[in-house]
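J.: Chain residues, written in single-letter form:
2 protein chains.
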Amino acid sequence: MAQTRHITLPQGFLAAGVKCGIKESGREDLAVIVGQQMVSAAVLTTSNQVVGAPVLWCRKVLPAGFGWIRGIVVNSGCSNVCTGRQGERDAAEMAALAGRLVGAEPAEMLVASTGIIGRRLPMAKVRSGIRAAVEALGRRDDPAVVRAIMTTDTRQKSAVARVRMGGETVTVAGIVKGAGMICPSLAGPPPRGGSRPGACATMIAVLTTDAVIAPRPLYAAFKKAAPTSFNAVTIDSDQSTSDTAVVMASGLAGSRIVPGSAAARRFAAALAEVCHSLAVAMARDGEGATKLIQVNVTGAVTSRQAEIVARAVANSPLFKCAVHGGDPNWGRILAAAGKSPAKVRPERLSVRIGGVAVFARGVPKRLNLRRVEQYLAGNSVLVELDLGLGKGRFTAYTCDLSARYVAINAEYHT
Amino acid sequence: MAQTRHITLPQGFLAAGVKCGIKESGREDLAVIVGQQMVSAAVLTTSNQVVGAPVLWCRKVLPAGFGWIRGIVVNSGCSNVCTGRQGERDAAEMAALAGRLVGAEPAEMLVASTGIIGRRLPMAKVRSGIRAAVEALGRRDDPAVVRAIMTTDTRQKSAVARVRMGGETVTVAGIVKGAGMICPSLAGPPPRGGSRPGACATMIAVLTTDAVIAPRPLYAAFKKAAPTSFNAVTIDSDQSTSDTAVVMASGLAGSRIVPGSAAARRFAAALAEVCHSLAVAMARDGEGATKLIQVNVTGAVTSRQAEIVARAVANSPLFKCAVHGGDPNWGRILAAAGKSPAKVRPERLSVRIGGVAVFARGVPKRLNLRRVEQYLAGNSVLVELDLGLGKGRFTAYTCDLSARYVAINAEYHT
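Chains as they are written, first to last, in our numbering: chain H, 161 to 574; chain E, 161 to 574.
Think of the hints as simulated: they come from the structure by calculation, not from any bench.
One should not assume that every hint holds.
Copies of the same chain look alike in the list, so a pair counts if it fits in one copy or across any two.
Derived DSS-like pairs: lysine-lysine, alpha-carbon spacing no greater than 27 Å straight-line [to be verified]:
#	residue 1	residue 2
1	220	503
2	551	383
3	551	525
If we strip away everything but chain H, and leave its shape as in the complex, we get (with noise of 0.2 Å):
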């Protein structure tokens, strides 16, 4: 699998990660992604109100969301979150050193990290790594920029979409990490604190794009994509205080995408389809996940509160559990659908699990349970909710609940 070449895939971007020691294990743990020149870019970070110093740089170096960078250090290991001014100095200096190294500013460099939180970053490590990184950057096809984000992701999550753009391929490429202390709720500043039902882990996202696109209307189709990819998965409903996703654009292939044209929305498309691919990977990689669980909610009275409902089942621990546990308990899909603050009623609502009709409008379906138990016993599960009211629709993206979730968040020790 040619995981890393997809982030170096679109053209005019270089890339390397390394191992440096902050992760006891020993796996590589820093990353730098940089354009050959400068690129336009887009950010988006976690709406949580406790944040990392790293995401704060990213504010304070592109405080509107967008603008031309020349590319990000990511550390995974330490999240350099709840460390005070120091944690600050910390991330200024990796984007500073990185910087310096690759002949930029260090207002031009982005600083994204993941790990534990109240922990300094073991800097003198840190400084080697950047060096070593930078040293080591290429185009070549090396697994380890993906695993240099990685913290306990079991995979290396990419994906990659195409696009002709004026008689040239444009490509998107991404990559992503997320496992644990995942319900991300990205947005763009000012920081929206607070909007989410039950915003959730440190999910990463690096995407880059040989596009040629200014900054703004990237951050615009950036921004639009997040709600239905990133945003629409929870793996235990826990906001991180350092989700970060950006999107670098070379402008190296196809012609200059214009805003509101037919192009920018083929772009768009692509760039939409690449953050959805990131965050059905995200989800079914969630810690301790045996099962992908897609929750498709229709009929509410307005898509916020048919988010409202897929986010209360989707972030339902009994819910999960017998999901995990192969059971097609429905009862508990419903009650998590009464439980949350958008309108449902019971009469009107129809719940199906793998195009298994359970529950219809009010009646429970006399049905295969034989058959229910085979489907949940696949790696996919598909839970439709109508709720019977309006047009509103939402789908969330979550995994299943398995006692491995518990031994690596009891075992993950400070």
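For this one, chain H is given, so just place chain E on it according to the hints.
T.: Here is chain E on its own, set in the frame of chain H:
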């Protein structure tokens, strides 16, 4: 342990619990608790929008939430939820049969059921159970009553308080079941669907007292006690379709309680004390729980905001796994507080675990982690968050999240 005795300690009550075969385990599964005469009563039920037939029945018997009744029939093993009109007829039949056997009208008997959703009650068994229970009614010390309302509960939970009134001792007693799908948001009619941030298991509480108090002031005192007791508990954020709490007053001890009097306040305090004891016992006995966790939030802008933050922390799977693992990972507390929609400013925020400051006004404390680890090895954990913004305060009760919780709920088969 004279557990059952509690419910019949106040004068004027009879109770019995029997095994009638609803539970596959063959354990006690049906209880009848009645006054020897008509009793003053108040009932609070779930605010879930999907409710069981027994909840609908209780609302029909006591449309205002209070009135005169004779008693209650409770069964475990089947919740009679999502069972349509037939389910409603079954609940009504339970009330009618129990009523007839004790010499009361159907509309003088409440019904509460807990267990699997979506399955009809095995009425032949239920009928024989009601007959056997009424046959066995007494004031003797028989733990079968509380056992009959238990599902995944591991302990018999009861409480008692005494207060002097008019030269006599007035007793307030109660029993409760909880365990999983516990995040009650009990309310009087009309149901207040959806006003809670993360309202969540089936709890059934039955309280008795021999106080002389009319239904309306009894309801007022009960309703006032709920937010800081039952409704302050969350085991898994999953609110049940069947939560029911009832209090019955026989009027056989002390002088008549006049609303607004000092005596009324003392009675209310005793009632609140029993509710609180039952609630804390329920949190400690959550499914898979090894520790009781108390989350104390102070310094919020309002008490409502304090509640939102306390619930965000108490419902955080990551925080609860950390406590389970005895890991002083305070970063997860901050992340949970920050994701809540209530106002939080990290630089004003302080966190203490077991009285040890781990984070003070934005600054991590250099601390003796070993000391906090030792504290977390105990079976009761106090977490205090001072938001530093105002005078709002709230205390939520929960338990740790263990692999056992997952096992129970992945294996609890339909």
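J.: Where does the structure disagree with the numbered hints, that is, which hint numbers, in rising order?
T.: none
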